[in-house]
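Protein chains in written order, with my numbering: chain H, 1 to 219; chain B, 1 to 212; chain Z, 1 to 278.
Hints listed in this document are in silico derivations from the structure and should not be mistaken for laboratory results. Don't take every hint at face value.
[What the hints assert, rightly or not] Now the in silico label distances, taken between C-beta atoms and shown as ranges:
id: 1; chain 1: H; residue 1: Asp6; chain 2: Z; residue 2: Ser154; range: 57 to 67 Å
id: 2; chain 1: H; residue 1: Trp10; chain 2: B; residue 2: Met48; range: 34 to 44 Å
id: 3; chain 1: H; residue 1: Gln132; chain 2: B; residue 2: Trp9; range: 52 to 62 Å
[Claimed, not checked] The calculated lysine to any residue pairs, modelled on SDA-like cross-linking and capped at a C-alpha distance of 25 Å, are:
id: 4; chain 1: H; residue 1: Lys50; chain 2: H; residue 2: Gln132
id: 5; chain 1: Z; residue 1: Lys146; chain 2: B; residue 2: Leu77
id: 6; chain 1: Z; residue 1: Lys87; chain 2: Z; residue 2: Glu67
id: 7; chain 1: H; residue 1: Lys85; chain 2: Z; residue 2: Ala38
id: 8; chain 1: H; residue 1: Lys144; chain 2: B; residue 2: Met43
id: 9; chain 1: Z; residue 1: Lys75; chain 2: Z; residue 2: Thr46
id: 10; chain 1: B; residue 1: Lys81; chain 2: Z; residue 2: Ile145
id: 11; chain 1: H; residue 1: Lys144; chain 2: B; residue 2: Lys81
id: 12; chain 1: H; residue 1: Lys144; chain 2: B; residue 2: Asp112
id: 13; chain 1: Z; residue 1: Lys277; chain 2: Z; residue 2: Ser223
id: 14; chain 1: H; residue 1: Lys85; chain 2: Z; residue 2: Lys87
id: 15; chain 1: H; residue 1: Lys144; chain 2: B; residue 2: Lys210
id: 16; chain 1: B; residue 1: Lys140; chain 2: H; residue 2: Met216
id: 17; chain 1: Z; residue 1: Lys146; chain 2: B; residue 2: Asp112
id: 18; chain 1: B; residue 1: Lys81; chain 2: H; residue 2: Gln132
id: 19; chain 1: B; residue 1: Lys209; chain 2: H; residue 2: Ala47
id: 20; chain 1: Z; residue 1: Lys84; chain 2: Z; residue 2: Asn245
id: 21; chain 1: Z; residue 1: Lys141; chain 2: Z; residue 2: Ser211
id: 22; chain 1: B; residue 1: Lys209; chain 2: H; residue 2: Met216
id: 23; chain 1: B; residue 1: Lys209; chain 2: H; residue 2: Val56
id: 24; chain 1: Z; residue 1: Lys193; chain 2: B; residue 2: Leu77
id: 25; chain 1: Z; residue 1: Lys193; chain 2: B; residue 2: Tyr202
id: 26; chain 1: Z; residue 1: Lys239; chain 2: Z; residue 2: Ile89
id: 27; chain 1: H; residue 1: Lys50; chain 2: B; residue 2: Tyr202
id: 28; chain 1: Z; residue 1: Lys193; chain 2: H; residue 2: Asp6
id: 29; chain 1: B; residue 1: Lys209; chain 2: H; residue 2: Lys85
All figures in this text were calculated on a predicted structure; none of them were measured in a lab. Quick reminder that beta carbons are idealized off the backbone N, C-alpha and C, glycines included.
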Amino acid sequence: MQNFIDAYSWINIRYLLQGLWVTVEVSVASIILSYIFGTILGIIRYANIKYVSAIVGFIIDLIRNLPLLLIIFFTYFGLPNLGFKPAIIEAAILAMTVFESMMIAEIVRSGIVAVDSGQMEGALSNGLSYWQGLRIVILPQAMKNMIPALVSQFISLVKDTSLATIIVLPEMMYHAQIIYGQNTNYIIPMFIALAVLYFIVCYALSLLAKYLDKRMSYR
Amino acid sequence: MIHIFATQWPLLLEGLGRTLLCSIIALFFSLIIGSLFAIFEIMPNKIMRVIGNIYVEVFRNIPLLVITMFFFVVIPLYVTKINGFTAGTIGLTIYTSAFIAETVRSGIQSVDPGQMEGAMSNGLTFWQSMRYVVLPQAFKIVIPPLGNQFINLVKNSSVLAFVAGFDLMYQGNMIANNTLQTMPTFFVVGILYLVITMPLSYYMRYLEKKLA
Amino acid sequence: MKKLTRFMGLFSALALLLILMTSCGSNSALSKRDVLQADKESNTITWGVKADTKLFGLMNVKTNQVEGFEIDLAKAMTKEILGKNGKAIFVPVTSQTRVPLLRNGNIDAIMATMTITPDRAKQVDFTRSYFNAGQAILVKKGSPIKSVKDLDKSGSVVLGVTGSNSVENIAKYAPKARVLQLSDYAQALTALKSGQGQALTTDNGILYGMSVENPGYTVVGGSFTKEPYGIAVNKGQDKFRHRLNKALTTLEKNGTYNRILKKWFGNVQGFNYEEMKR
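The whole structure should be built from the sequences, with the hints applied where relevant.
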């Protein structure tokens with residue numbers, strides 16, 4: 001019990017929260033960037049543009065089928081060979097964005113596919129162009145269906161930032177490791193604290209999503 | 001890189017085998033547990049709904065590593081001895097099942113509620129109408145996101161590396177440290193992961209097309 | 001036809017991967033750069049250090065600074081080489097990241113409990129040893145295991161940490177034992193407490209630190225290997241390496257080394273720091 005009291009001293013908690021702040025920073029940046037790029041890539045893949053869609057599709061499959069850990073590794077250690085040396089936080093955001101964009105692209109594509117193909121025909125016969133039909137008719141419906149899958153993905157993203165510990169990004173998991181490095185007895189208290197803090201962040205995210213989901217259903 | 005594979009293939013293949021085995025076990029059980037809790041979440045009985053909700057929200061929102069470490073260090077202290085592979089597989093099953101439950105639930109709910117009412121007014125019980133009417137339709141909708149979850153599962157199995165589960169990532173770490181050929185080793189490891197996940201994702205695509 | 005294009009696409013992508021890969025590792029521009037000269041111009045030396053290892057390099061949660069024997073030694077060496085105003089920058093590394101970071105030029109030198117081994121010497125160059133650790137084992141008090149030899153039977157499980165060469169040594173001294181590698185010392189110790197293995201092995205300095213915190217556990221059998229820690233630099237940086245060696249000699253002669261040693265190891269129970277004096 002004493003271990004728990006010592007482990008949860010204000011200094012340690014403050015250090016953990018500093019890590020949480022980095023986790024949130026990296027997550028927010030990656031969520032925004034990967035949502036934008038993912039949607040664009042998903043549409044490109046769906047749209048059947050000659051060659052482009054096939055190549056984009058292949059890259060999406062290649063990257064999303066690799067463990068994120070490896071992508072973080074390659075970003076941080078591989079890029080300097082190509083003459084670009086990112087800072088740790090840049091490398092982390094870059095790796096997360098690349099990986100999560102591919103995951104989201106796949107969600108967006110399958111979301112569009114799931115919308116009845118008759119809708120597009122209807123839009124086209126009403127004089128809309130292909131892109132107009134996609135933007136005005138298909139995407140709004142697809143986006144609504146996608147929300148649960150997207151939220152799951154964003155929740156994964158927040159937790160996956162912990163993998164950047166491997167390149168010594170000072171996020172929450174790394175800070176927890178530093179704290180239990182001071183005294184090895186702090187490991188179980190720290191893991192419990194991690195569970196609670198990640199839960200709070202991720203659950204808030206999923207509540208937000210549920211709220212959005214409900215609002216969209218009423219329309 | 002070829003050199004790494006040529007000299008280290010026994011370790012790498014052992015790792016690949018472990019990763020595959022753990023993924024298949026976790027896939028099987030998480031599909032069952034996940035579907036079960038998904039149905040709990042939409043049952044008329046309120047207590048069941050609450051149980052389903054708590055399970056999903058708790059395990060979906062805490063990191064896999066934390067769940068796995070719990071089984072690796074806490075369970076042996078108080079309950080029974082389990083090794084890293086078992087602890088990792090249990091952790092992976094529980095974690096994935098929460099995601100699968102969420103996916104299946106949203107699939108079931110996107111089936112027109114009139115279908116359920118119709119089935120029940122035709123004299124089927126809740127479970128019967130679930131099984132014969134709603135689930136087959138829901139399954140079609142959830143195939144793509146489930147495919148995503150399966151791929152995630154294979155990749156997440158790399159958590160075994162943290163609890164000495166002798167999986168592909170663990171062996172990769174070991175080889176990288178022994179040879180100090182970090183990048184080539186992880187390229188080989190990456191390709192071996194692709195060997196499992198790429199066919200899976202193409203099969204999912206095929207299934208999706210076939211069902212559409 | 002469509003399938004064929006897809007297949008070709010897959011192949012060309014794999015080929016691309018291979019090319020990318022071969023470009024990794026060999027970094028000719030960096031190896032030509034004279035690190036010592038560059039460091040003198042910028043008046044800084046960038047060190048890769050441990051941030052999670054008690055006594056050697058540990059992040060202080062209050063001040064957000066790394067502290068430890070290696071940190072103090074690196075600071076003293078920096079001042080010796082660059083003069084009073086020389087600055088030492090510390091980049092936290094792990095066993096997994098230290099060599100790639102050195103090769104990429106993110107750090108100039110590694111001082112992170114890295115044992116000089118022939119295998120490692122093929123990849124990086126080492127200075128003379130700055131600390132002579134030895135590998136030992138930590139067990140629960142009252143355990144039937146009295147030395148590493150008692151572990152040499154089938155069914156015994158030894159816990160270690162990924163990236164340390166202590167794991168390879170166990171294969172030498174207790175070949176029948178099974179080794180489980182965990183990602184850090186705290187995890188390994190927690191696994192020992194929950195009975196995942198009978199003994200934990202790593203360098204003695206680290207183990208003594210653990211036994212102080214956990215009175216139920218004790219170091220047995222003394223150290224059974226010699227683990228000379230060296231500073232690693234990139235291949236081809238002989239000037240820098242010689243200068244580091246010279247700085248180390250100076251610090252040993254003027255008593256700075258012993259002062260730092262006493263500061264960190266003087267009060268560690270069971271650790272005979274007098275023996276380590278230079």
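Given the hinted pair B:Lys209 and H:Val56, is their Cα-Cα distance within 25 Å?
Distance ~19 Å between B:Lys209 and H:Val56 Cα, so the pair holds.
Need the status of pair Z:Lys75, Z:Thr46: alpha-carbon distance at most 25 Å?
Holds. Z:Lys75 to Z:Thr46 sits at ~10 Å (cutoff 25 Å).
H:Lys144 and B:Met43: Cα distance at most 25 Å?
Holds, at about 24 Å.
Given pair status - H:Asp6, Z:Lys193, alpha carbons within 25 Å:
19 Å, holds
Between H:Asp6 and Z:Ser154, is the Cβ distance one that fits in 57 to 67 Å?
Roughly 40 Å apart at Cβ, these two residues miss the hinted range, so it is violated.
Holds or violated: B:Lys209 and H:Lys85, Cα atoms, limit 25 Å.
Distance ~42 Å between B:Lys209 and H:Lys85 Cα, so the pair is violated.
Take the C-alpha atoms of Z:Lys141 and Z:Ser211, compute the straight-line distance between them, and say whether it is at most 25 Å.
10 Å, holds
Given the hint that Z:Lys193 pairs with B:Tyr202, test it: the Cα-Cα distance must not exceed 25 Å.
Not OK: Z:Lys193 and B:Tyr202 at ~45 Å, beyond 25 Å, violated.
Please work out if H:Lys144 and B:Lys81 have their alpha carbons no farther apart than 25 Å.
Judged against 25 Å, a Cα distance of about 46 Å means the pair is violated.
Does B:Lys209 pair with H:Ala47 here, judged by a C-alpha cut-off of 25 Å?
At roughly 16 Å apart (the allowed maximum being 25 Å), H:Ala47 and B:Lys209 satisfy the hint.
Does Z:Ile145 sit within 25 Å of B:Lys81, going by the straight-line distance between their CA atoms?
20 Å, holds
When you check the alpha-carbon spacing of H:Lys144 and B:Lys210, does it fall within 25 Å?
Given that 25 Å is the threshold and the Cα spacing comes to 24 Å, the pair holds.
The earlier numbered hints that this structure contradicts are 1, 11, 17, 18, 22, 25 and 29.
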